[in-house]
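Engineer: For the sequence shown, UniProt numbering gives the first residue as 1, with consecutive numbering after it.
Honestly, I wouldn't trust all of these hints.
Said to hold, decoys possible - Calculated lysine-lysine pairs in the DSSO-like style (CA-CA distance at most 30 Å, straight line):
no., residue 1, residue 2
1, K530, K430
2, K467, K530
3, K211, K147
4, K460, K525
5, K422, K525
6, K553, K39
7, K553, K467
8, K376, K460
9, K211, K376
10, K553, K525
11, K460, K422
12, K512, K553
13, K312, K376
14, K376, K467
15, K422, K211
16, K8, K195
17, K195, K237
18, K237, K324
19, K147, K237
20, K39, K377
21, K467, K430
22, K422, K377
23, K8, K99
24, K553, K422
25, K8, K147
26, K97, K237
27, K195, K211
28, K530, K39
29, K460, K512
30, K376, K39
31, K430, K91
These are computed hints drawn from the structure, not numbers from a lab.
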Amino acid sequence: NTTYNIYKNLSLNLISNASYRQQNAPGTMNSTLDIASGKMSRGFDINPYSYALNTSRTLDPSVDYISNYAPFNILHELDNNYIEINMVDVKFQGEMKWKVIQGLELSALGAVRYQTSSQEHNVLDDANQAIAYRTGMDDATIREQNKLLYTDPDNPYALPITLLPEGGIYQHQDRRMLGLDFRGTLSWNHLFAEKHITNFFAGMEVNSLQKTYSSFQGWGMQYSMGEIPSYIYQFFKNGIESGSRYYSLGHSETRSIASFFNATYSYDGRYTLNGTFRYEGTNRMGRSRSSRWLPTWNLSGAWNVHEESFFKALQPTLSNLTLKASYSLTADRGPAEVTNSQAIIRSFSPYRPFTDIQETGLYIDDIENSELTYEKKHELNIGIDLGLLENRINFSADWYQRNNYDLIGVVPTQGVGGVINKYANVATMKSHGVEFTLSTRNIRTNDFSWNTDFIFSYAKNEVTQLKGLTSMMELVSGNGFAREGYPVRGLFSIPFAGLDEDGIPQYLIDGKVTSTSINFQEREKLDYLKYEGPTDPTVTGSFGNVFTYKGFK
Numbered sequence: 001n002t003t004y005n006i007y008k009n010l011s012l013n014l015i016s017n018a019s020y021r022q023q024n025a026p027g028t029m030n031s032t033l034d035i036a037s038g039k040m041s042r043g044f045d046i047n048p049y050s051y052a053l054n055t056s057r058t059l060d061p062s063v064d065y066i067s068n069y070a071p072f073n074i075l076h077e078l079d080n081n082y083i084e085i086n087m088v089d090v091k092f093q094g095e096m097k098w099k100v101i102q103g104l105e106l107s108a109l110g111a112v113r114y115q116t117s118s119q120e121h122n123v124l125d126d127a128n129q130a131i132a133y134r135t136g137m138d139d140a141t142i143r144e145q146n147k148l149l150y151t152d153p154d155n156p157y158a159l160p161i162t163l164l165p166e167g168g169i170y171q172h173q174d175r176r177m178l179g180l181d182f183r184g185t186l187s188w189n190h191l192f193a194e195k196h197i198t199n200f201f202a203g204m205e206v207n208s209l210q211k212t213y214s215s216f217q218g219w220g221m222q223y224s225m226g227e228i229p230s231y232i233y234q235f236f237k238n239g240i241e242s243g244s245r246y247y248s249l250g251h252s253e254t255r256s257i258a259s260f261f262n263a264t265y266s267y268d269g270r271y272t273l274n275g276t277f278r279y280e281g282t283n284r285m286g287r288s289r290s291s292r293w294l295p296t297w298n299l300s301g302a303w304n305v306h307e308e309s310f311f312k313a314l315q316p317t318l319s320n321l322t323l324k325a326s327y328s329l330t331a332d333r334g335p336a337e338v339t340n341s342q343a344i345i346r347s348f349s350p351y352r353p354f355t356d357i358q359e360t361g362l363y364i365d366d367i368e369n370s371e372l373t374y375e376k377k378h379e380l381n382i383g384i385d386l387g388l389l390e391n392r393i394n395f396s397a398d399w400y401q402r403n404n405y406d407l408i409g410v411v412p413t414q415g416v417g418g419v420i421n422k423y424a425n426v427a428t429m430k431s432h433g434v435e436f437t438l439s440t441r442n443i444r445t446n447d448f449s450w451n452t453d454f455i456f457s458y459a460k461n462e463v464t465q466l467k468g469l470t471s472m473m474e475l476v477s478g479n480g481f482a483r484e485g486y487p488v489r490g491l492f493s494i495p496f497a498g499l500d501e502d503g504i505p506q507y508l509i510d511g512k513v514t515s516t517s518i519n520f521q522e523r524e525k526l527d528y529l530k531y532e533g534p535t536d537p538t539v540t541g542s543f544g545n546v547f548t549y550k551g552f553k
């Protein structure tokens, strides 16, 4: 971070930073959810947390057990099935300021940020996952039962064979991001009659964000033989027949532009009024002007009571007192994966029974939704700042009420246009809460200081309107889901009715006790579900102490 004073009224500030992170993690795979049975599973699961939770305490950690017809030991797997993550983040920013005349300043800022992350999943030769792909070649029973073996559909007399006779599996994923930002601003400050303080700030900004994703699967990597690949042609034949991809590439680009204006007026430092207006647009929203472009604003005011003449009688017990309030309309683009400015058409490989008649097809991944617009929020905030004993004790409290609307979510449709589930502005939500901070300067000398901070917040929200219906599976699994009349991430459960005479769990559904008649795709008759509470905490807080001694903190 450095600043060059080119002239008395012209300066250039340059900032650059870089970071690098390396991390190792167990070679776990993504979990899958069977929406029909409600069963969640994960292939070749070696997550230490879930393994410790779901494994008997009587297992010997030094013994090999059997999983997927292959030897399995959790300690051995953690050494032979792992993920290496590397991340690099570099940013360069330059800002030039020109003081045209007293009180008037022009500024131009440009920034470039490049971020890349790589994920390498190494399944070594002796890992359970690698051995499972070649288990059963010497055992006819296992050979018929092992679903990881391949049977050639072109040969009616073919026996299952292994697609991984040697080596392990190397999976590589790359994610790159390039961000470009430019902002130009104008600032004007003036003092009238020693009491009227004015400030005007205006500008515009342009942002571009380019993302690239690529993945590759190296089959048959011989880690114990100098990392030389060894693969057979049946692996590619099986991939063609199943329509899978052993490499992929994807690009996305987000562009936005905005202009903004801010005006502040303060009378004698006692009363302050502030107003902000912003007009922005992005290529991620619908193509109609009313959807892609959105004005937002903020109005606020503050009363510095400590600047009043009567406040002197309260000093030094009361050091300062400020009352403040604001009301605003803000907006957000919503989930990053949402892009409905135009139809998205992707290619795929349709199933064909033979490899010599393969072809590429096109399908509609997402239809154009020209009316999809920003998620919006009205917020009212009232607060107080209080200082006691020459600001040795500072207290700040805020109460807020928020009304969110046009929230983006998935809604099922009749499928006209080629897509059944589509993104739309489907929900409204209200919330309220309080936040306060207490800071104290306990000890302060020339060489030593001790400060304490206590932060507390309470928040509650409720979905007041939701177009579309939520399935039972979404409500009882994961991190909760939205349901009208409940918090945005409420968690539900199916009422438990005990065990039957055979020890099978029973549930109370629509007033009837059953162990089989559970429809996890039910979207209408869900009033019997038991609400367990929100998955987001309603009360949060922290308590911290900072000790400083001669520059050491």
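Engineer: Between K8 and K195, does the CA-CA distance stay at or below 30 Å?
Structural biologist: holds, 29 Å
Engineer: Has the given pair, K422 with K377, been kept, meaning a C-alpha gap of at most 30 Å?
Structural biologist: With Cα atoms ~22 Å apart, K422 and K377 stay inside 30 Å; holds.
Engineer: Hint check: K147 vs K237, CA-CA at most 30 Å. Holds or violated?
Structural biologist: Measuring from Cα to Cα gives roughly 17 Å; hence the hint holds.
Engineer: Given the hinted pair K460 and K512, is their alpha-carbon gap at most 30 Å?
Structural biologist: violated, 34 Å
Engineer: What's the verdict on K422 and K525, does the C-alpha distance respect the 30 Å limit or exceed it?
Structural biologist: The hint holds at about 23 Å.
Engineer: With a cut-off of 30 Å on the C-alpha distance, tell me whether K195 and K237 pass.
Structural biologist: Given that 30 Å is the threshold and the Cα spacing comes to 82 Å, the pair is violated.
Engineer: Has the given pair, K376 with K467, been kept, meaning a C-alpha gap of at most 30 Å?
Structural biologist: Holds, at roughly 16 Å.
Engineer: For K467 and K530, compute the direct alpha-carbon distance and say whether it is at most 30 Å.
Structural biologist: holds, 22 Å
Engineer: Would the hint linking K430 and K91 be met if the CA-CA limit is 30 Å?
Structural biologist: With a Cα-Cα distance of about 38 Å, the restraint between K430 and K91 is violated, given a limit of 30 Å.
Engineer: Within 30 Å, alpha carbon to alpha carbon, are K39 and K377?
Structural biologist: violated, 37 Å
Engineer: With a cut-off of 30 Å on the C-alpha distance, tell me whether K97 and K237 pass.
Structural biologist: With a Cα-Cα distance of about 62 Å, the restraint between K97 and K237 is violated, given a limit of 30 Å.
Engineer: Does K467 sit within 30 Å of K553, going by the straight-line distance between their CA atoms?
Structural biologist: violated, 52 Å
Of the numbered hints stated above, those contradicted by the structure are hints 3, 6, 7, 10, 12, 13, 17, 18, 20, 24, 25, 26, 27, 29, 30, 31, listed in ascending order.
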